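As given, the protein sequences belong to chains H and U, one line each in that order.
According to my numbering, the first sequence holds residues 7 to 371 in order.
According to my numbering, the second sequence holds residues 39 to 481 in order.
To be clear, the hints were calculated from the coordinates, so they are not data collected in a lab.
What you are looking at is a predicted structure, and each value in this text was computed from that prediction instead of being measured.
Each residue gets a CB set at the ideal place from its N, CA and C atoms; glycine is no exception.
Please note that a few of the clues may not be correct.
Said to hold, decoys possible - Calculated pairs, EDC-like style, for lysine to aspartate or glutamate (alpha carbon to alpha carbon, straight line, at most 20 Å):
1. H/LYS360 to U/GLU164
2. H/LYS360 to U/GLU440
3. U/LYS322 to U/GLU154
4. U/LYS47 to H/ASP277
5. U/LYS398 to H/GLU365
6. U/LYS398 to H/ASP25
7. H/LYS355 to U/ASP435
8. U/LYS195 to U/GLU249
9. U/LYS448 to H/GLU16
10. U/LYS272 to U/GLU249
11. H/LYS360 to U/GLU197
12. H/LYS358 to U/GLU197
13. U/LYS471 to H/ASP25
14. H/LYS360 to U/GLU249
15. U/LYS103 to U/GLU151
16. H/LYS358 to U/ASP446
17. U/LYS429 to U/ASP446
18. U/LYS46 to H/ASP176
19. U/LYS448 to H/ASP25
20. H/LYS355 to U/GLU164
21. H/LYS358 to U/GLU249
Said to hold, decoys possible - Stretch by stretch, here's where chain H covers chain U in the computed footprint (C-beta under 8 Å, at least three residues):
22. 163-175
23. 413-420
24. 463-471
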Amino acid sequence: MSDNNNLLIESSPQIKQFDSTQSVMWSVSLCLLPAGVWGAWIFGPRVIGVLAASIIAALVSEAAMMYLVKKNTLKDGSAFLTGLLIGFNMPPAIPYYIPVVASVFAIVVVKWTYGGLGGNFMNPALAGRVFVFFSWTGPMTKWTMPHSLAAVDAVTKATPLGYVKSGLLDYTGSANGPAQFLVQNGYPHTVADTGVTSWLNAHLGLHLSNGYVDMFLGNIPGSLGEVSVLLLLIGSIYLFIRKIITWEIPVSYLVTFSLFIWVFGGTRFADGSYFSGDILFHLFTGGIILGAFYMATDMVTSPQTRKGMLIFGSGAGFLTFLIRIYGSFPEGVSLAIILMNIFVPMINKYTKSKRFGVEEKKESK
Amino acid sequence: MKGLKTFKKGGVHPPGNKNLSEDKEIRNAVISELSVVAMSQHLGSPAEAVVSPGDTVREGMLIGKSTGFISGNIHSPVPGTVKEITDIYLPNGMTSKAVVIEMAGEFDRLGKESIETAWEQLSSKELIEIISSNGIVGLGGATFPASVKFSIPRGKKVEYLVINGVECEPYLTADHRLMLEKADQIIEGIKIIASIIKPEKLAIGIEINKENAISRIQEAALKADLPLEVVGLKVKYPQGDEKQLLKAVTGREVPSGALPLEIGCVVSNVGTVHAIYEAVVLGKPLIERVVTVSGGAISNPQNLKVRIGTPIRSLIEECGGFKKNPVKVVVGGPMMGFTIYDLDTPVTKGTSGVLALTAKEVRGSAQTACISCGRCIAACPMGLNPTTLFKYIDHSDYVSAEEIGLMDCKECGSCGYVCLAGIPLIQGMRLGKRMLRTKKVKS
């Protein structure tokens, strides 16, 4: 046996778990891929151009900042993920310069003015999206109809959430919920939706309006990566199995949101009663699934302890509900999450874990 | 299995890899021609060499004398001649004086029948004296002199004697094999300790991945009529740390900065208990111990009974050498052990394992900035915030680090194991603690 002169000398622990910053970032990107492909499929190949624009802009910005600070951070995948998420949050017909501006803003201002990865206090992708949303509100709210629906109606139409929001401004009709409202007003749905819905109603004893199946599969207008609830959920299952995301934030987010929607969501409709909100409609539309599983769970900008994560998720759920039901925007996920991002340092401060062998307060049995 | 106990806060589940060696019976290792016996093999002040080059030594003869209250005697593992007294590097990177012995002449114990002596009539003081003179230290890793641990200060009462059969470090199976093969001797050792410290209750904690050891110890205790509570524990690292073990077995928390005695408990490792049996009943000093030689790069992993002072190279050779290229050779377990560069580093009393690990086992990746994932906080069994501690230490703010509990850190490695960003958290903790200690010495 000859001496091996390549033996490493390192501090303990001598073994590491499987995951790393890189593997987490690339895994999340991978899990988003199916929903992106779906977007390209139903909204057309232009979607690929939008994604490419936002990703390339993010990578170039990261490279430029790397050059300034003389670090190599491109490989960690965080800039790619930020670019991808910005692309996911764009309407399919967006002019290319808008995702580019969003990515540059996200990387240069939101991320690197605080020192790059790990230093930022706000989710860069969401801050980038909100920045361009308020700068170019027109193009940011012009929605393309999916191919599957375009034949029946115009090429562009409001998202289900937007349609309901503007329709409810001075509502006196008879619909008891958003889905019924859409059906009554002739909002289009696919043949598959009609078929599956009637099958479900017949076999499971449900009373679903048409439209839910389309919303779940992603046959609705919306941001190009947010529409397919199904594919986003499948991706998140992988993230759960790999323990890249934990249940605390998504579950507390969705449960709190659903609870408030259920209590107050129905008050704007015909019978105006409490405890009649349409949870399913609100979970299947807008960016809440993308937000709860892929954006609120961003490690850098979410709390560190389990208790903190629950507070953070619940806060985001409550704010999303407030904005959606009582605010002037149809959608509230981006704003809710970045508002909660601001509270993270405070949440961390008040949710420290209890030290072993240290009495902090009197413990009663 | 339901109803198994464990500690609540933190902890990690690294791959155990104990199957590599857990079925291998303990074998006597080939005795090396040259033994390098370090004078610093225990916690506390190093022993002082009492032999000179050219001296003839016999097996088990005192060659290093304890130099203080917290120190330990060192005995010659082999008969032979003292070749030189030199400085060597220990696995942990510290230097130590070492007596180099060239084997020659006849063994006094090896191959001879050992005579059992009755100890029941001996007083606590006499028993402690035997343990001390035979150089028994904690074999679980901390190498704290056993005689000091069992000298209970006046006024303190021991409620619980908890024996540590957890062996939570991955790969290591030395204690497991010892419990299977030497259960009766361990039970006898527990009786000896119990007669010294007179605890009200006796318990042993064993993780459920060693089910055969649990039943073996249960049998042996029954046979010897010893009221020993055998507690099966869920597998979780670092359950073998005495604070976590006591939490799991007794439900009590050792207060920050205090010793287990504060809550009426004394903990001793099964290896130590066995060594105490050998010292008291057989009159044998601590000159050998069981070492697990394992890892993905080792051809034939084994549990070897090794003389102190044997070069690690010879153990690896005995296990068939390397079958793959190791990236690290680790002395101890993979979570708390030290990497060595020089394979001639000798086995000491604290060497529980020698692991040759492949790149696939080591894993790890390039270091990035902390992404605040919070995994280190969730993993810390002491409820500390490793990432914030590291930031303070990185900014040389050791006082703030101390305020949030740096001195509670036991360097178990759980935080470093889970860190996504590959930050050398434990290295930081060690640096911070050293800086605080030197500062205190100065002021």
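Hint check, failures only
1, 4, 5, 8, 11, 12, 13, 14, 15, 18, 19, 20, 21, 22
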